[in-house]
Amino acid sequence: MKIRVAFAKEDEAKFIGHLDLTRVFERAMRRAGIPMAFSEGFNPHPKLAFGSALALGATSLREYVDIELAGEMLPSEFMHRLQGQLPRGLTLLEAKELPAHTKALMAVLNCAGYRVRVPLLLPLAQEKLESVLERFLEQESIGYVRYSKKGRQEKNLRPFIRSLRGRVSSEYLELEMEIDITEQGSIKPLELVGVLREFGELPLDVDGIRVHRTGIYIRGEEGVKSPLDQV
Amino acid sequence: MRELTPEQIRDVVETRILPKVLKPGRYLGNEWNSVHKDWSRAGVRMAFAFPDVYEVGMSHLGTRILYHLVNSYDRYLLERVFAPWVDMEEGMRKHEVPLFSLESYRPVREFDLVGFTLQYEMSFSNILNMLDLSGIPLRSAERDEEDPLVIAGGPCAYNPEPLADFIDVFLIGESEEQLPEFLELVRQAKEQGLPRREVLTRAAGIGGAYVPSLYTVEYREDGRLKSFQPALAGIPAVITKRVVKDLDRSFFPDRAIVPNMEIVHDRVMLEVLRGCSRGCRFCQAGMLYRPVRERRPETLLKQARELISSTGYNEISLTSLSTGDYTCVQPVVKSLVEEYRDKGVGVSLPSLRIDSFDVGLAEEVQKVRKTGLTFAPEAGTQRLRDVINKNVTEEDLLRTAQAAFSKGWSSIKLYFMIGLPTEEQADLDGIAALAKKVADQGLGAGRRNVTITVSTSSFVPKAHTPFQWEPQEPITSLRAKQEYLREKLRDRRLRYNWHDAETSFLEGVFAKGDRRLGKVLELAWSKGCRFDGWSEHFKFSRWLEALKEAGLDPHFYANRALEYDELLPWDHIDSGVSKQHLAGEHQRAMRGITTIDCRHLGCYACGVCPELDVSVELKGGVVGEN
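Residue numbers (our numbering), protein chains in the order written: chain A, 1177 to 1407; chain B, 137 to 762.
No lab work stands behind these hints: they were computed from the structure.
Careful: at least some of the hints might be erroneous.
Said to hold, decoys possible - With a cut-off of at most 27 Å between alpha-carbon atoms, the simulated DSSO-like pairs for lysine-lysine come out as follows:
1. A:Lys-1364 to B:Lys-479
2. B:Lys-549 to A:Lys-1223
3. A:Lys-1223 to B:Lys-479
4. A:Lys-1364 to A:Lys-1178
5. A:Lys-1325 to B:Lys-156
6. B:Lys-549 to A:Lys-1364
7. B:Lys-479 to A:Lys-1272
8. A:Lys-1178 to B:Lys-572
9. B:Lys-159 to A:Lys-1326
10. B:Lys-159 to A:Lys-1325
11. B:Lys-362 to B:Lys-381
12. B:Lys-156 to A:Lys-1326
Model, not experiment: these values are computed from the prediction.
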């Protein structure tokens, strides 16, 4: 059977990388005595598929993973046993059995929400911020350069920004944003903040950024759904 | 350095430094099975310091054993610290964060003890760097009552002299019994408020403890040692290593820390036996860890069950210096494979010898996970293999290779050493010829596409071995040999890689060095040397500058043939193997005479068993005569 699980990635687990998370779950399931299904071949791997990757160092209110088991188990039993064996910072929220032929998480998740906190180097007025955000969102194209294993890529980040709001406190700028995940890829909150700082000449200490994912979901014509709603 | 609380350190590290470093998982300390004790309730607090990065240190079995051993006592607390990688060091220095322990993020300087494990000479500069990052004076003589005691153990403690200026106490030999004795002494000393000097003098009374500041050294004009003796009455002239007599019943943790990031040996490790009496004459571990003591199969199977259920690892490795020699290896592997086959847990055998290798066994192991095959003939001709007492033959190797190829393996790694005593051109040619013959076995087994990887390391003479009197071959001729082999090994089925000769040379200097090298170490560290075992950070020219400034000739240490009657810098450390036996073995080597393992042909009187009142323990029914 397949189980879809929602979990939170909190402060203590924020430096567990996306690839490492698979191993962390595998080992926790083995400790918990949960029968896992394995891939065939010389190097059998447990069958786990996570949703969209979360940047290293970011926390998340709600992430998803699909897990294939070698036997039957009630989702509630699964959650209870697994939670006792997960490292601190990984908290299971909900689990449901997946019907056959459910689409993979990667194929359906298309939007993510973030709350981002950036320390201010100098005071910033709320009005000034709002005018910067307004002008920023009026742009049709906002260029930025991404350096990755593929080399230097020039991209336009504007199409990925669904919404962007900000609030200034004495020490921090807090941004709420919704980012689309499309077939052309997506953007990282850190990239957006870097570009925004230059665009508005904002006094942001980007090195001190904290990124928190508030949700990742399926946005359709009827509004927003969780990948667990359909199940 | 700023005085920071653990909370302040964590805040700066997590928000300012970790987001900018490679592998932040190295510095978190919240792994599954990590032990977080109440600081205020621990009588003695020790920081276990591994002078290399996290993923290397966490792979070390001794670290795993000692971590849980010390923490199994209510009154002691042990937390880990590793060498911060260069990016982390930069961040720490920039933000004035002192070196901190992983579990509680406390400054290392607040611990009662800092214990370094000495696994290889090329980590010595990291020790100095870690002390400096901790704000602990580098030199033992400069520390005061507020500073932790700095102790060290591990294989390199058998020639402790290059570190004598920096380490307060060395613990020689196996720590399972000795370290708790030492911690008890520290606990009582703390209770009684004894001064540091008094603690050190008392520590010297513990078996296997060496306090270098309590000895005086004199040198001859030619640079050789003249005398080495205790400066106080009642201090032992010779320090004899400690051993665990009954390995089967000695402490072995039923849990292991499970890192969240990938480490080098990311699996359950079962120590099937300790020691090796094969008697390879270049091998320091073979001399230091004697005698051979095996664990019972029932003990190992029980440990495997406990460890798999407490860690969730997907692999069990049977580790030792030579697992193929374990008298119960067959039944243990079979039982493990049967028990775990359907649970996605594999079994691996990391060290296999050609003559004890059994393809049936390797097949058992391969049923769950495919592991590569590695063999170490060490030398290219039978003549030279006899000199080094590596008792394997070409026939053994070829038979094994053919069997392996016919069972489906397609790649084999072969390890050799160059620069061995008495090595000739024919021995180099022999390496190439042997590699080709092994590759040809693929054809015999009906496999066209086989890959043979030949690796050569450069021989480094080590203290406490029959070759301790031998000179190391100079860098230039080692390089010429590497170049020669590179040409000789041009074949589409062969790959060749080799170790950097400059690193081996420096390793040779420190492996046989004396106390005067402390100055070199300090100078080299101050010139920025660290992570010398990592080729991208090894700065050979800085080391040469440091040697020059200290007025020391590295060739004196590495490339000089020593006399049998010469006082050696490590003569006050007793591994149990007598110097007489080592000299005898050296002479037999020069005559090309082999010595058969005492497990097979009776005792050859190396001295360990009577000296340490311990005996060879085999669990497979065959007991060697002692």
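(request) Kindly indicate which numbered hints from before are broken by the structure, ordering the numbers from low to high. (result) Per hint list: 1, 2, 4, 6, 8, 11 violated.
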